[in-house]
Structure formats: C-alpha cells, structure tokens
Amino acid sequence: MTAPTMETTQQTPVVQLADGNDWFTVCALSRLTPGRGVAALLPDGRQVALFVDRAGRAYAIDNRDPFTGAYVLSRGLVGSVEGRPFVASPLLKQRFDLATGACLDDDEVSVPVHAVRAA
Amino acid sequence: MPVSTPPTDRTSALPTIVVVGHGMVGQRFLEALAERGLTAAAGTARVVVLCEEPRAAYDRVQLTSYFAGRTPDDLSLVEPGFMERHGFELHLGNPAESLDREARTVTARSGETFAYDTLVLATGSYPFVPPVPGKDAEGCFVYRTIEDLLAIEEYARTATTGAVVGGGLLGLEAAGALKGLGLDTHVVEFAPRLMPVQVDEGGGAALLRTIESMGLTVHTGVGTQEVTAGEDGTVNGMSLSDGSSLATDLVVFSAGVRPRDQLARDCGLAVGQRGGIIVDEECRTSDPAVFAIGECALASDGRVYGLVAPGYEMAQTVAEVIAGKEAAFTGADLSTKLKLLGVDVASFGDAHGTAEGCLDVVYADSRSGVYKKLVIGRDGTLLGGVLVGDADQYGTLRPMTGTVLPVAPEQLVLPAGAGGPVTLGPSALPDDAVICSCHNVTKGAICEHTTLPEVKKCTKAGTGCGSCVKVIGQLLPQSQDKGLCGCFSYTRSELYEIVRTLRITSYAELLDSHGREAARGGDGCEICKPTVGSIIASLAPTLGASGYVLDGEQAALQDTNDHFLANLQRNGSYSIVPRIPGGEITPEKLIVIGEVARDFGLYTKITGGQRIDMFGARVDQLPLIWTRLVDAGFESGHAYGKSLRTVKSCVGQTWCRYGVQDSVKMAIDLELRYRGLRSPHKLKSAVSGCARECAEARGKDFGIIATANGWNLYVGGNGGAEPRHADLLAQDLSDAELVRLIDRFLMFYIRTADRLERTSTWLDRIEGGLDHVRDVVVHDSLGLCEELERLMADHVAGYRDEWAETINDPDRLRRFVTFVNAPDAPDPSVRFVPERDQVKPDLDILAGPVLAVRTLEGTSSR
Ligand code: SRM
Ligand SMILES: Cc1cc2nc3c(=O)[nH]c(=O)nc-3n(C[C@H](O)[C@H](O)[C@H](O)COP(=O)(O)OP(=O)(O)OC[C@H]3O[C@@H](n4cnc5c(N)ncnc54)[C@H](O)[C@@H]3O)c2cc1C
Ligand code: SF4
Ligand code: FES
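Chain order of the listed sequences is A and B.
By this note's numbering, the letter at position 77 of the first sequence is numbered 1389, and the numbering carries on one by one without gaps.
By this note's numbering, the letter at position 603 of the second sequence is numbered 876, and the numbering carries on one by one without gaps.
In isolation and in its complexed conformation, chain B is listed as follows (with noise of 0.2 Å):
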C-alpha cells in the first residue's frame, strides 16, 4: 500500500530515481537525497522506492532489542511525516521482480511499471541457509527481518529448546534471543572459536567462557549435517559432524549472509564470483545508469560489507554523485563495537595482525572474561586491536590506529592497579581521527560544535549504535555558566541560600527578582522548577511556607509524578508504592496490598527496595486506590519524589545468629525520621546487623553498620550506573549519637548539592571531599551544626503524609482526573494484555497516530 503521495503532473515531467530495496542503506540514501534537495517536494527529482517488506525501513542494527520490549515501530528509522515532506513514493509490500535496462523500466510485484532514468540498487544480504537434509522442517528460521523475529517468538511459545546454527556476530545475537526466550539454547559454528570474523583465538576463548556461564551451550569445530523432524515434520533435532546428535524444537540458521544480486544477474548486470553486484569508486553498477549500494554491492575494493557504516557510506557517494558532485567510496573500515549477551566485544584495524613483523601486546584475564589485544607496528604505530569483556578503551583506541601510542601499549591494556590502565584523553587524537564510525565524523566536524544535539543534528554522530557518545561528550566544551538552566545564573546551592536567607516562599518571585535577566516574568522552565519547588519545600517549615507540594503555585512546579503523588509509566498509567518502613510488614497489610492490587487489576512486583509497587493505575484511581491504602494505615513511600525512599534492613540481632545490633528497628526509625524530606536527588539508606552486610548499606547514601560497640555510619555509597562503595564517616555511634549525625550530614548535603547530584557525586566533587564533610558535620568547623540539627527538626514536626493530605481535600480530588471536561471518563489510550498470569501495557495502542474513536458517552475501558 503506497504511503505517499501519488505523482501529480508537476512530478511525473522530473527525472526519476528508483531506489529498489527500503532497508537501512534504502533509507540513508533517502535522506541524502533530501539532503541534497533532490526530491518531488524541491521540484528537482521523481523518487520511486520499491520495498518488500511490509514495513517501512527500520533499525536492523537494534533488532535484537525487539525482544527487550522494543515495539516495531520504535525500530523505525523513518521520521513521521518524511516521505510526505519530500515527495518520495514509498510502496511497501511491493518488490522489483524485473528490470528493463533496454527500455530502462522496473516491473513490481503488483504489475506496476516505472520508468527510471537512474536506478538504485539497495536489496541488502539473504540469510545463507547451508543445504542440509531437513533445512526446510517446520520450526526452522532466520534471523534477518521483524517478521522472522515474530515467527521466532511465535514458535518459541511451544518449544523448549533451540539451536543456532553459527557463531558469528548474528548467531550470538539469535542466541540471546532464544535464550531471553526461555529456550534452553545452544550454538552450533563449525570454526574452532566464536566469532571467527572478528576475534581472535585469545578473544574467542573468553567470550566462550562468558557466554558459557550464562547458561548457553556452545559447540565449536562441528558442523550441522542434518536437521531431523518427527512424523509431524516439525523439528525435532539435529545430526552434527561429530557424530553426536542435539534434541531441539526450533533452528535458527545464522551461519552468514549472501548478496541479493538476483534481480542485476537477470538482467546481465555483472556480478562477482562470490556474489555481490560489481560498483566501481561511484558506486556504479556495469550499466551507468543503474547504481548498487549496501550490503548487496561489490565494492570497488573487492569486498562486500556486511556493516551498516560502510552502507551509509556509499549511500551517501551516489546521492552525492547524482547531485553532480565528485564523491568515492573505495573502501571502509571493519572496525565494530558490540554489545553481544551483555558483553563487550570490539575489534578495529588490523585485528588479526596480518600486518609483516607486527607484535601483539596481550592481557587475558579468563576468570572476569577479559582480554584484550593490541597489534602494533614494528615503528610503534597501532594497527589494530581486539577487546572483549572491557571494550571502554574502543572510542579512543580506534581513532587512533595508524599513529603512535603517545605511551606504552601495554599500559593501555593492564587494568588499573596494575599499572595501568592510562586512560587517554580523546584530547590526544589528531583532528581528523574518526570518532563516530557508524556516521564517518571526524574530531575536527565535532570540534565545530558546542552540544551534543547540535552535534547529533548536524553531524548526525551518536545517531547510529551509540557507542560514539561518551567521547563526543568528553570533546565537547565543558560549559563555563555554572548557572541552573536558561533562567538561572546561580546553582542549586546558591538559590537554596538565596531562599533561605531571603525567606522567598515562591517561585515567581524568585524568579522575577533573581533569574537572568531575559528569563524574568517568563514561565520558567522544566529544570528550575522543580529544583526550586524542591528547595522550596526542604525549607518550606522553616520559611513558614506549606510543605504540601500540591498547594498553590507548588502544584504548578512539580514533575508530573509529584504533580499526581505517583510514578508515570510508559502508557501514561501510574505505579503506586506504599512506604514499608525496614521491609517490615505484618501480614495483615500485605493481604490489602493484594486485595487492593486485585481489585483495582494492578500489575505487582517486589521492588529492589525492599517493597511493593503496584502498577497500572489510571489517573482517577489514584484517590480510590489510595483512599484503601491509608485506611489500612499506609503512607505515600514518596517512590516519586526527589527524597528519602527506602530505608533497607537486615533481620538483625532479633532472629539472626550474628547480628549484634538491632538493624529492623533502627531502620524503621531512621526511615520514619526522614521520610518525606524534599532533597537534591533520591535518598537511599540501610541498615546491617553486623559486618557481613546483608543489607547492602555501603551502597546507599547513608548506610548503617552494627558494630559490638554502636554503629558505624557510611556515606556516599551509590548504586545505580556509577557504583560507589560508601566511606566510612564515624565509628560506634551510640542511637543518638548516629542520629545527628545523619540529620547534619543530610542538611548539609541539601543545602550544597546541585541538582539531581547524589550524595557519591556531590562528595567527590566539594572541596576537600569527605574531610571537609566530616570537619563540618562532625568537628563543626562552620559553625552550622545547630542550624543543621534544627532545619532537620522542623521538618521532622512538620511531615504529614501527602497521600492522606490529599484524599481528604476535596479541591485536590478534582485534578486526579484524566479529563477535566469528563471527570468520569477514564482514559482510553490506557489498556492492558495479559502476561505471565498479570497484566502489562498495550503499547500497540499507541502506536498509530491516533488512537481508535471513542466519543464521550462510550468511553469504556479495561
């Protein structure tokens, strides 16, 4: 079904471009077209494309993360409203099936016929299926398209176990896929090792060992020789080389990709021994009217790239050449960055150190599945290099093959405390290193910007598989306006004292007396206003101003999870989280959790929080579900806010044989003391009965370990994306010595900290670090411990729970509505499916641009 617009006269007089083939290259040299105003809409150029998947082109790179809970049509690399803008006609489900060089015309599956004056071929790889007996059973598949993946899934649902058969770079793919599947899995590669292609022997052997411990079964150095079914012809097993044999339900064969060359072999194009249609430096097909690009080209370097940059690459040369410029594609780099399984792999250059005389400098580490190698010159240049397990050295390393290491190599791979790792500085790369491989940008384009989405709008770096990010981050200026955001010009920490001082209870006047000069009067932003609602309310019993963050203009300056006391989901649904001081819950409660959660057809799950969320809550049941929870006696566990969350626990010196202190009770203490308390970023806390920890409180931003004498009290301890193990603060503190301490330590955090910084971060970056912590908190070398302990003790009088505030107010009711002209209306776009015996969000609903009509007398929902 053409999306596009049909030909109008205007459009039918152009030259005509047909592109056969909207896959990734398809697609990248659409836009190059755009680029260079080659399109209906600019009046320049008649574009035709032919594509026979069902689907417009998507991500082939990503599809694997179809399986981790990415929908088709976040897979898309079509902007909504593309092909519109620029006039291109797009036919989906409608393939070439013959060319006409003579009368130079396409015929389509539908019978259609176009005529071209240029002719683009970009029909991508076919997955090669070896001919073995059985190959064609019921239950076995490929892994290339999305239908294939929702083949997969579909099938996986009566199977038990599957076989991969090759141990390439896409068979490990489709073997995670199985095994997230719940497939026993096992990968068959007729090589001696994985990833023949890209790793060496060193690097196979630890990705095995990696991959093995997660459970999957790998065969090396065997091939399959027949797939075998039951009388039912679906699969049932396979016969391997070695004699042995493997019961299996389903086969996805993975063992490589041949060139889609059909269509140019038909019509005499020429095409290479092994495959692939033969281009020159232009990306010129034998007939100089017909251009072959992607994966389906032979290039004029002897090679077939099987990898999307090289793609892109060529791409843009025949967009740039049909635009009458001089551009050349005469080969590309096979460097790639990997993420197989959860485990790093990357390789560049010359990885097989193929190179005369070149030396390997190797470190392998089996027990962590680290190895890494680098293949240097006999002049000292680096030529190449392969890292499995720890590849963060890639975006550097990289772009600096055919250079001298500024130091010795084998510092570069040491882990650290051996000597090494140096890290080297992406400063140190010459300007025309390429950082972004998947989009062929230099440090010298990327130096020309200032941020990163202008830098990913104009160079389109970072757009590809990501793994550029980091170090375009690290190339990029690092700002010199400490200010807040575009209103602000002070941090977070100089407008907490600016409120403190000035005792400014509101926002606007904040802003109109403080904010940058342009920014005054105006509305603000999405940064200042919560940050500054926050402060607001950390001091709101002091000031005197109303610590409900619903009151008044607070309302208006909340992220909508605080705007709705509950956490936004991706369906616009909500979760709900009772607070369960310590983890410790009678029984009791826990059944009105379940019946609530029953009732109202919540999705529920144990949080890594010691606690319960309940998902799936519509907006207007937010009061009704709550109304329950606290009249059974539960209070808001402020999973939403900018605050103290949870307070873990070990079971303690009450039941445990070790235990030397009573952690439950002091945890609940603790997490009723700070409950509801406004800060910077999250507050995390926990509690251990004694030195073995189980509670895990090095890792919160206060953490609490009993001792025989007390408790020590740790800080700063994060987990999260950057871990942090918590320091040690003071030792054998008495209850209500740990006590104080805390409230100065967490006051003076929230007075000093910048927005969103976690007590880890915040203690790296002040001066002095956790000297300077402890002089304040604990030596008060400030001064400020009293005002400390007294900003803590108001808000400790002033807490009341937000969830029971609420319920109880009629006027705060009436904006826990979907829609304010249908108070009883609920939301249509928020629906469910079933899954594992719950419920899980209909994504698919809100796929289309609109959601199917529903007036406002049927609205019916779930």
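Extracted from the complex, chain A is given alone in its bound form (with noise of 0.2 Å):
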C-alpha cells in the first residue's frame, strides 16, 4: 500500500504520517491553519487529527474521543499549557497533550499518537 506519489523535492513543504517504515504523505502544510485541525485518512482506514501549533510545529493523534466514541479530534480548539500544547474535544471538552496523547482532565484515559513530520 503505497501513498499517493507526491515528490518530497518539490518547493512547498508537506505533512508526512508515519505509515510503517514509510512516511505517508497527506497534504501541503499549507493546508493546515495554525490552532486548527483536520482529518486525514490513513491507507488502513485509520483516521489521524493533524495540527498544527502557532509555532508551525505539527502533531498528529488519533482522530476517534475516547469518550464518546465520535472521530471529531480534529474538529477541536487547540491552546497549550505550560507549554505543553492540547486539543479540546469538541463534544464533552476534555483536553488531550498533542505530544504525547495523555488527557489532561482524566489520569486513565488517553489516545494513540502518531509520528509525523513536515517536510
């Protein structure tokens, strides 16, 4: 399962997943606003909240509140806290860290992170 080809070399810089061994390409950086986030699709059907922070650094996490169910993640507000940046969920507004997918708000609950990178 490759991704569709789109040449790292070229001038506008990309957003890449990890996807095994390979970097999975999903769209120009471009795409993302800063303190927003979007969806994307991975080749398994998996789906990735992508962000990026006002310093244009990138995060990715998995897509699906672990409260309620719903894949909406990247649908969320996102701010930091001592530095640490978060996404708020859209629904009940429980906040999770973007770097390492821990909920702020509960010790017992968190959500799987993606490596991802812009290049």
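These are computed hints drawn from the structure, not numbers from a lab.
Treat each hint with caution, since some may be false.
In the DSSO-like style, the derived pairs of lysine-lysine whose C-alpha atoms are separated by at most 30 Å in a straight line are [what the hints assert, rightly or not]:
no. : chain 1 : residue 1 : chain 2 : residue 2
1   : A       : K1405     : B       : K1113
2   : B       : K743      : B       : K862
3   : B       : K743      : A       : K1405
4   : B       : K862      : A       : K1405
5   : A       : K1405     : B       : K408
6   : B       : K938      : A       : K1405
7   : B       : K598      : A       : K1405
Simulated DEER-style distance windows between Cβ atoms [said to hold, decoys possible]:
no. : chain 1 : residue 1 : chain 2 : residue 2 : range
8   : B       : E352      : A       : A1367     : 30 to 36 Å
9   : B       : K598      : A       : F1379     : 33 to 39 Å
10  : A       : A1431     : B       : P1107     : 42 to 48 Å
11  : B       : D539      : A       : R1396     : 55 to 61 Å
12  : B       : E1060     : A       : R1396     : 37 to 43 Å
13  : A       : F1379     : B       : R789      : 24 to 30 Å
Remember, it's a predicted structure, so these values are computed and weren't measured experimentally.
Glycine included, C-beta positions come from ideal geometry on N, C-alpha and C.
From the two separate chains plus the hints, produce the assembled complex.
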C-alpha cells in the first residue's frame, strides 16, 4: 500500500505521517491553519487528527474521542498549558496533550499518537 | 472470553485472590486492590475475576438511563485498559459453579478450576419472583441486568400494556421504563402505599398523586394471584387478590431481591435464616479464607444492604484487611436520594420515626406533590426525614442528622414565602459530616481540595449518583482570581474594553500583549479563544476588522460549531437550522426545507424556537445543503453561535381577536436587525400581541409585550436551567423608542457581561442590578448611549449572511471535507439507523475502539 505520489523534493512543504517504515504524505503544510486541526485518512482506514501550533510544529493523534467514540478530535480547539500543546474535544471538552496523547483531565485515558513530520 | 492478559510464570507464583462476581461491588473491590498495589502488575498478587454476565461491571444504579439513550458502553464502570494495566484476569460469561474449600479451588462453568489463597464472593442479589402460577409464561421479566432490559425492550415492541409487580424503588423505575416504551403501565403493590420501605404514609400519598398524574395506574393493597396466558403461551393478564383482573401483555416482577448465596450454601458456609452469607466486621465468612461483600453478604449488624454505598464500604474494608491493615464494616446509613420518574424522593436517618419520644415536623402540599417530614428527637436533634417532590435540602440535612439544628425545624420544611425555607449553608456543617454518601466522604476530606475535578479524582466524591455535587461546589473556595482563564487575568468585560480602546484586531496580539506572563507566545486555550473571537466579531465593523468568523486567524478561534457554521451532534454529524424570522414562513419555503431534508436523508424536528432543525449532515454535505437553502432565500439561523437565536412571535393583532399590535411584524423586524450579533452568550427574544403572552416573551433575554399604547420591554428573562421571568424595563414605547432601547441594552450587555453569562445572570450580578441598567440605557447616566447606538448601527450595516459568503468562496469551502487528503471520502463513522420513519445516529458503530476498517478506495456511507 503506497501513498499517492507527491514528491518531497518539490517546493511546497508537505505533512507526512509514519506508515510502517514509510512516510505517508497527507497534504501540503499550507492546508493546516495554525491552532486548528484537520482529519486525515490513512491507507488502512484509520483516522488521524493533524494539527500545527502557532510555532508551526506539527502534531498527530488519533481522531477518535475516547469519551464519546465519535471521530472528531481534529475539530477541537488547540491551546497550550505550560508550553504543552493540547486539543480540547469539541464534544465534551476534555483536553488531550498533542505530544503524548495523554488526557489532561483524566489520568486514566489517553489517545494514540502518530509520528508526523513536515518535509 | 478472557479480556485480560493470561497468567505468566511470574504471576502464577503469587498469592491468588479469586473474585466471584463482577458487579458494582466486585469492580469497586478491584479498584481498591489497585489503589493498594495488590495486583499482578505490581507483582504482589494474582487476581482472577469470574463474571457471570456477558459484559464487565456496569452501573446498575443508572440501569434505567439505558432507556434515556445511554448505551451499555456508557454504563460501563471499567475504564478502558483498567484490567490490562493492573493485570487483573477477567473471565466474562464464565460464572463460578462450585467451591471446594478444602482444596481451595473454584470451578467455573467453562470447566476451568482456579486455586485461591483468598476468595471474595461478590455475587449480588437475584430478583425475587413470587411463586404465583403462570410466573414463567412468555412475557414475564425481571429488572436487574442490561440483558433484562434488552429483552423487555424487544418484547415491548409488540405489547401495548405492561404491569409491574411491586411498587418499591425498583418497581417504580421499571414502571417508568415501561411508560417510556409507550406502554399503558400499571403498578401493583401489596403494601398500602408506594415505596413502603423508604417513605412513610404521607410521602407515599404525595408520590402516588404525582405518579398518577403522569398517567400510570397504581393499585395498592392488592397482591398478584396469578399470571394468565393465552393459548400461545404468552401473558395476557393478571388476577389480583381483590378478585379483580388486569389485562396486560407484559409483566415485570420487582418484588424485592434476595442475596445470591447458593454457592456459599452448597459448600457449607454459614448463611442467615432469611438468606445472606454471614460475615463478621472484616467481612470474613465462617471460613477465614473467604470473604463476602455487597448485596450477597449478611453484615455483622444483621442486615443485608440493598444499596451500593454500603457495598463499596465492604469492598474497601476487605481490600484493607487483605493488605494487612485494620478495617471494619459495622453498618451503614440507609439514606437515599433518587429521582423516580422525575420526582425527587429522599429519605435519611430514622425516616420512620422509630426512636422513642420523637416528634414529626411535617409539611404536605398534595396539590404540588410535595411532602417533607423531619423527625426530631426530644432534645431537638435531627434524627431523620423524608422528602418527596422537592429534595433540594437533602444534601445539607442528611449530614446534620444527629445534631441539634441551628434553626427551628419548621423553617426548614415550609416553602419560600411562608416563613421559610431557611437555607442552611453547608458551612454550618461539622467537619465529620458525610457529604458524599456514595463514597462516604466527609466535609473535612472535601475541604482539603480546591477544585471539583480534584475532589472527584482524590476522594471519588461526586462520582456516584452525583446528588452531592452541588454541596461540594458550595464548600470549595470561591476563586479570588477573577481572570477569564489560565491565559488572561482580565475578565471578559475588561478584555472587551482593551480590544475596543486599543483597537486590537488579532487574538495573538492580545495574548502576547495582555496575557498572563506564562501564557504569552503560547497557543491560548479553549476558553479564551472563542471569547476573544466573539469580542472581536462583535466589534468588527467598528474596529475595521473582518466580521466574518472564518477569516484568517478568526477561523482558529471558533468552537467547532462556529467553525463549520453548524451544530456538532454526538456522532460527529451536524445539524442545520435556517433562520425563520419571527417563525413566519411561506409554504414554498417549507417545501424547500422538506425537499432538502428528504434529498439528504436528514432527520427533521420542529424546534422550541419556532423553526426547523435538520440533523445528521456530514461535514462535506454542509455546503451542498446550504447552496440549496441560500438559493431558496434562507440565511444562517446561527443556532451554533453565541449570538441572536430567534425572536418568537405570536400571531398577534392581524388574526387574533385579542391582539392589540402587529407582533409578527415587530418580531421579524427585530430578528433581522439583531441577526448575526455575536454576544457573551446566546440571545433570545419574543414578541406577544397582548398581555396573554402566547409568545412567552417574559422567558426571554429581551421580551416585548404589546399594549394598547405601544410596547412594554422586559429584560433578563431565561428558560433553561435557572428560569427567570424578565423584568419590566420601560413601558408604552413607540416602535422607534423600542428599537433604540433594545440597541442600547444589548450593546451594554455585550460590553459588560462575563463569558457565557446570559442577561438574567448578568442582571442579577452587576452592581445596582436593573435600576443601574435602567439608569444607563434609559436615562443615559454614563453618557454612553450615543456610543452604544453607534456600535449597533455599525453591526446592522455590517451584517452579511455567513453561509452565503461561505458557499461563494472556494477557498473557504475547502475546509468542509471530512479528510484533508481524501476530500471525496465521507466520514465512515457517521452512520444512521432507522427510527420512527426517520433516522437516528448509529452509536454502536462508535462503541468499539476501532472502526470497522474501510480503505481509502472503498469508502461508502449511508
Ligand atoms: C433544537 C432545540 C431543541 C428542540 O428540539 O426544540 C435546542 C437544542 C439545543 N439547545 Fe436549547 N434548544 C432549543 C430551544 C431552547 C429553549 C426554548 C426557546 O428558545 O424558546 C431553551 C430555554 C429558553 C432559554 O434559553 O432561556 C433552551 C435552553 C438551552 C440551554 C440553557 C440555557 C440557559 O440559560 O440555561 C442550553 C445550554 C447553553 O446554552 O449553555 C441549550 C443548548 C442547546 C444545544 C445547543 C446543546 C448543544 O450545545 O449541543 C442544543 C443543540 C441543537 C442543535 O444541535 O441543533 N439550550 N433551548 C431548540 C432550538 C431552538 C431554535 O430554533 O434555535
Ligand atoms: C434498576 C436498579 C436501580 C437501583 N438503584 C439504586 C440506587 O439508586 N441506589 C443504590 O444505592 N442502589 C441501587 N440499586 C442497587 C445496586 O445496584 C446494588 O446495590 C449493587 O449493584 C450491588 O452490587 P453487587 O456487586 O453486590 O451486586 P451486583 O451489581 O448485582 O453484582 C453481582 C454480580 O455477580 C454476578 N454473579 C452472581 N453469581 C455469580 C457466580 N456464581 N459467578 C460469577 N458471577 C456471579 C452477577 O451476575 C452480577 O453481575 C439499584 C438496582 C437496580 C437493579
Ligand atoms: S398573545 Fe394575545 S395577541 Fe398574541 S396570540 Fe396570544 S392572545 Fe392573541
Ligand atoms: S452522594 Fe452519590 S456521588 Fe456523592
């Protein structure tokens, strides 16, 4: 299963997600608004929520909100506490650390994180 | 099927605890073990759990909420990953069948045998079914497990009448459920009143009236003699002890529960005469290696407890004992507060007044179904009480049990306006007063914390039935920091002034210049972003900023609802509410709504705001739907925004024989004037054509009622959670005076209110209240009126329909896709199932940890 071809040598930077040993190209970095997310579909059907923060750093976590089961985390608001970026679920507003996937409002809950890079 | 990790060599060498029964108490016991580090993961104990039911522990107390839309998964008590993390070995659908105490083994239905060092029985109760003929006919049920509910729900599809045998707590819950399933419902109770255990005669009478007024039929003082069945073997009726009979298609037995002590009996453990496994204060049975906890245990005080809180205490006790510490369960309080069929019922302490020489203080109002009784000892101590219909005082009265009340007891039961009630603040409580009875947490323990989440996390208080949360909130320190959030030390109205006077048009600029030191340069948070976004949007025309909420940085500030200009629903789909000013709509437009809903398969519902909501649109469908709506002349209804919702109208003078002004025209004019106005919270309005008030204007933020001479303007009304009738601001206004006054009022509110503060709370909070607001907006005491009017004029001139702008802009449309890399793939998790000729979200599909796999190519939906 290979990614749609998009040469990384071209001028516009793109966002890529780890897919096994390969990098899967999602879209041009410019498609992401700082402070907001988008959802991406992986070749195997999984959904990933992608974000860039104000400083332009990219993050990727699972798109599923573990509290409600809905695939909506990409539509939450991004913020930061003590320098750690988070997204607040748009449904019941629990916050998730974008770097670790840990829920900041409930120690017992976390979401998977995905390796991501802008190249 | 075992869900957890199989034993490794390391765990098999550890002392083994076998738990029989994974109900509420069994799960609490596992949590108590985990808290004490008695787990395989910690390398201290192997724990095997045998669970009879096909699913792990769930909240039986909230069972009935399944019928209110909670899924079995919502009811689960087990955090995801809990079993795995601690290495608990859970065997679902595999009950213990026999015990060999000599060999210390348990044999499960699967045939597996588990050796134990310590055995904990937490087998709960079974529903008692009286031995009446016909009790096993098809159509007879009990009410204890999720499986029971699923079976009742299924059977009720073909039934029209249902009868519940038993008018106790569970019987009434079951009756409520049957009623909710659309059955004509009867309750048959042998005792002369409902809930004989919890409430006294007076309370039972108040309850009876309320329950009958809900359309249930109650038969008290009669027993069930036989369940009759038709030729096909299915239930068709019941004969009762008074000789009468009752036709019914379905019977639910709820005549009490009995401890499940059979396993214990079979292996010779001591059981009580009337059932229950006899345990001592440590919850140890007659065999020191075996414990019993929860509803199956006969506690050392000679009682079997049918409530969850005492069971939790037993679970803690046993975990503590196993950990080598001292602990004892010597008995518990039987206080309960419930909401039965929407009626509050509470009883606490010596509710029946059994103590010698005690006196009752009773207040009963059968008309409104309120009954309150306090039992007072000879020396004035509060011994107990019963509250029916209004149990607000339960949270403070129960912990005062055993103390002398600081005020005369009658003042506590009388309604407001009749010399009472005196509200006893929780600050009057002693430190050892138990605030949360579910988790037995005292006031002292709660006061060690400063926030509700912290209290919940550290003490578990408030995480059970939730009835103590209000009191906990009152006990916590009221924050001194009035700042909006962790990012800003200013209030919303201070930020409004900063933005207005410094003409700041970007959130980042505001954060970096006026944020708290640590927050500058950061990403803000979910509280201040939409708040500042809203302030900038309210002031946009005046600041010269773009008022369009999806422009540039503004797009990153909006809650998801504003971001997609639609309301997010529980399954990730959206609802659509076109504006229907004043509730007036032409047949042509109605047809367009019907056609759009039909073509996109949307669920439609008339809202409480005189318009139509269409539910179940996927993100990628929103622009297509709105293109059709905009073409037909519709605009955004801003159901998603903190902004003007609706101006409801009554039909008014034009048609109504009583009307004195044209209320419809006024409502439409006002709705068109204030549409799109971003504010601290939503704004609602209504215009009634005469004092009969059919538009319910006094329940609105600004409500207008016609008089023979013009209009009366009322402000600060609210429905919702804390209803408040609006106060009269000014009388007999002309059309122009009315509009000018509303302009000023709204702009003054927007300028000074806190985030998410409706006009009602704002009016009650600000210094001087209504009089001050009247001084400012009517008498111009601050000299602000001209500016307020100008701000509103700017808004009116700057208004553009957000949806029309969006569908005409390809760049903006690009964000209305589910997947950035697969714009044509619809969201596979947004699925629907049929209900009452329409659709509803398919929530089952969201329940699993992973969605059924769908690939980029093969995506399809609906
Ligand atoms: C659709 C509707 C119910 C219906 O089926 O009739 C509804 C639905 C919602 N209401 Fe409501 N309310 C609806 C009329 C009302 C009314 C009745 C009215 O307006 O006449 C009230 C009481 C009147 C009042 O507000 O004073 C009402 C009081 C609330 C409240 C409590 C507000 C309060 O001050 O206590 C909330 C919660 C909030 O806003 O914080 C709320 C919040 C909501 C939300 C937005 C909850 C949410 O965040 O998801 C619901 C989303 C609707 C959606 O997804 O489209 N809704 N809601 C009604 C839409 C009216 C409309 O055409 O816009
Ligand atoms: C509809 C309803 C409403 C209620 N409302 C309230 C309320 O408002 N407040 C309140 O305090 N209480 C309420 N209760 C009572 C509360 O649910 C119980 O007190 C509580 O569930 C007891 O916990 P338990 O673990 O002892 O028993 P249970 O939760 O019944 O768990 C026992 C478990 O053991 C299993 N089991 C039995 N035998 C075996 C075996 N041999 N092997 C393996 N597993 C076995 C059973 O299948 C069951 O899953 C309500 C109960 C119901 C049914
Ligand atoms: S409020 Fe008055 S005018 Fe309006 S419908 Fe009711 S009775 Fe008629
Ligand atoms: S009293 Fe039930 S959660 Fe506190």
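So, going through the hints one by one against the coordinates:
no.: 1; hint: K1405/A x K1113/B; verdict: 23 Å, holds
no.: 2; hint: K743/B x K862/B; verdict: 46 Å, violated
no.: 3; hint: K743/B x K1405/A; verdict: 21 Å, holds
no.: 4; hint: K862/B x K1405/A; verdict: 36 Å, violated
no.: 5; hint: K1405/A x K408/B; verdict: 48 Å, violated
no.: 6; hint: K938/B x K1405/A; verdict: 40 Å, violated
no.: 7; hint: K598/B x K1405/A; verdict: 40 Å, violated
no.: 8; hint: E352/B x A1367/A: 30 to 36 Å; verdict: 34 Å, holds
no.: 9; hint: K598/B x F1379/A: 33 to 39 Å; verdict: 35 Å, holds
no.: 10; hint: A1431/A x P1107/B: 42 to 48 Å; verdict: 47 Å, holds
no.: 11; hint: D539/B x R1396/A: 55 to 61 Å; verdict: 56 Å, holds
no.: 12; hint: E1060/B x R1396/A: 37 to 43 Å; verdict: 42 Å, holds
no.: 13; hint: F1379/A x R789/B: 24 to 30 Å; verdict: 28 Å, holds
In summary, the structure is inconsistent with hints 2, 4, 5, 6, 7 from the numbered list given earlier, while agreeing with the others.
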